[in-house]
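Construct the entire structure; sequences and hints are all you get.
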Amino acid sequence: MDNNDEAKNRKTSILANSTRIKVEENTFIEAPLEVEKIRKEPYSLPEPFSWSEVDLLSNDQLDELYTLLNENYVEDDENMFRFDYGRDFLKWALTPSGWKNYWHCGVRAAGSKLLAFIAAIPALIRIYDKTIQMVEINFLCVHKKLRSKKVGTCLNPGNHAKRIIIPKPVGSCRYWHRSLNPKKLIETKFSHLGKNMTLHRTIKLYRLPENTHLSAQTLS
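Under the numbering used here, the first residue of the sequence shown carries the number 5, and numbering increases by one thereafter.
Be a bit skeptical, because a hint or two may be false.
[Stated by the list, open to error] The calculated lysine-lysine pairs, modelled on BS3-like cross-linking and capped at a C-alpha distance of 27 angstroms, are: (1) 95 - 148; (2) 41 - 104; (3) 134 - 104; (4) 117 - 134; (5) 41 - 95; (6) 117 - 104; (7) 41 - 134.
In case anyone wonders, no lab produced these hints; they're calculated from the structure.
In structure tokens form, the structure reads like this:
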């Protein structure tokens, strides 16, 4: 064995015994944080902004959240369409079993108008053969006039979805939407007919079955 072979074997041995994740491993990149190591103090906000819990059981605060999302949440590139989640839907989506009021976090200006919001709900996430208690982050929304203030990174200093293309992603995921009213979506130019598809065939494709295929007992 020459010196080059010895060097290659030594390098392979060092890499095999390192703490890096191996190709064949399915494990976390960073271990879950211990509770006592979680930051106790909230991140500071510039004046005149302050943190605020949003009480979804209060009709007034629910109205505030609805208005914020209705005017500032996800929209298309032409600013023609935006999600319009109703008040009852927001309360249903954000108060499932095990919800916490302090998981509904807002930012106000001088203790008054709601200008930003982020929510979490409890979730059991299955990762390969493990089931882990986590939270699902949703409804991250910052008023359009505040988006240059980097309030979003204070609300969620981590990974979150964004409708832009980034170079060389380290990971990706794919998800699908099912159009519940394709005729209306196509008429308003929110969607368009697929290749070799007619409106009649599209409506038939997305039509929901009369009866569900899974019972509540199967899902539990």
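For each hint, the structure was consulted:
1. 95 - 148: 24 angstroms, holds
2. 41 - 104: Holds, because 21 angstroms separates the two Cα atoms, which is no more than 27 angstroms.
3. 134 - 104: Holds, at roughly 24 angstroms.
4. 117 - 134: 42 angstroms, violated
5. 41 - 95: 32 angstroms, violated
6. 117 - 104: 22 angstroms, holds
7. 41 - 134: 23 angstroms, holds
Checked against the numbered hints given earlier, the structure breaks hints 4 and 5 and satisfies all the rest.
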